[in-house]
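Visitor: Read off the chains here:
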Amino acid sequence: KNEVEQSPQNLTAQEGEFITINCSYSVGISALHWLQQHPGGGIVSLFMLSSGKKKHGRLIATINIQEKHSSLHITASHPRDSAVYICAVPIIQGAQKLVFGQGTRLTINP
Amino acid sequence: SAVISQKPSRDICQRGTSLTIQCQVDSQVTMMFWYRQQPGQSLTLIATANQGSEATYESGFVIDKFPISRPNLTFSTLTVSNLSPEDSSIYLCSATRNSRLGELFFGEGSRLTVL
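So the protein lines, in turn, are chains E and Y. Counting in my numbering, the first sequence runs from 18 upward without gaps. Counting in my numbering, the second sequence runs from 112 upward without gaps.
I should point out that these hints are in silico values taken from the structure, not numbers from a laboratory. It cannot be assumed that every hint is accurate.
Interface residues of chain E toward chain Y, partial, derived using beta-carbon atoms under 8 Å [claimed, not checked]:
#	residue
1	57
2	62
3	63
4	66
5	69
6	70
7	119
8	120
As the structure is a computational prediction, the values presented were derived from the model and not from experiment. Beta carbons: idealized from backbone N, C-alpha and C, even for Gly.
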């Protein structure tokens, strides 16, 4: 069983739809990262969160430490949101070495 | 935030040769890492690049195959040696200013194809 599991693996939606990507992990952590990988391979850090909820523009990330689960939401989705979204957790609590989920490939059609 | 410049962005290499990837950060960072992303897979940590000393390699990765340098706080190189088609991957460097959990910055990735 993977230590970090994401669902769905692939998601196709129409522009404007509300998107939810889920991440469950089996290791004890102090925080979790959400990353966005563009088709060329570059990665951008979207969120680092240890509790509750964070919002940045149309992106919202939530985490439930007790249930070991996090979600990434995109409101009013747009074709430019098409990318692979990856959650990552530290291998060791408080450390920078990460274990990555398999990623969710999101495609937003106009 | 920090900006990481990584090059080359892509390369096609012959079997048996080597490729060196450079990673330059625009501000001082405490930790730098090198990752490999094989086709259709997620990222796997190769090593932590330590300033002025030998890199710390993860299980399954060895210095002879993946020599790493980090001469100062803002620059690191990863060499992939004795290339084989199985080395075809995206290689990414990342950095953080915090030795514990802090914001991560990633380079744009280097897409390597070995013929």
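Visitor: Each hint needs a verdict: does it hold in this structure or not?
Guide: Do the hints match the structure? See the list:
no. : hint : result
1   : 57   : holds, 7 Å
2   : 62   : holds, 5 Å
3   : 63   : violated, 10 Å
4   : 66   : violated, 11 Å
5   : 69   : violated, 16 Å
6   : 70   : violated, 18 Å
7   : 119  : holds, 5 Å
8   : 120  : holds, 6 Å
Hints 3, 4, 5 and 6 from the list above are not met by this structure, while the remaining hints are.
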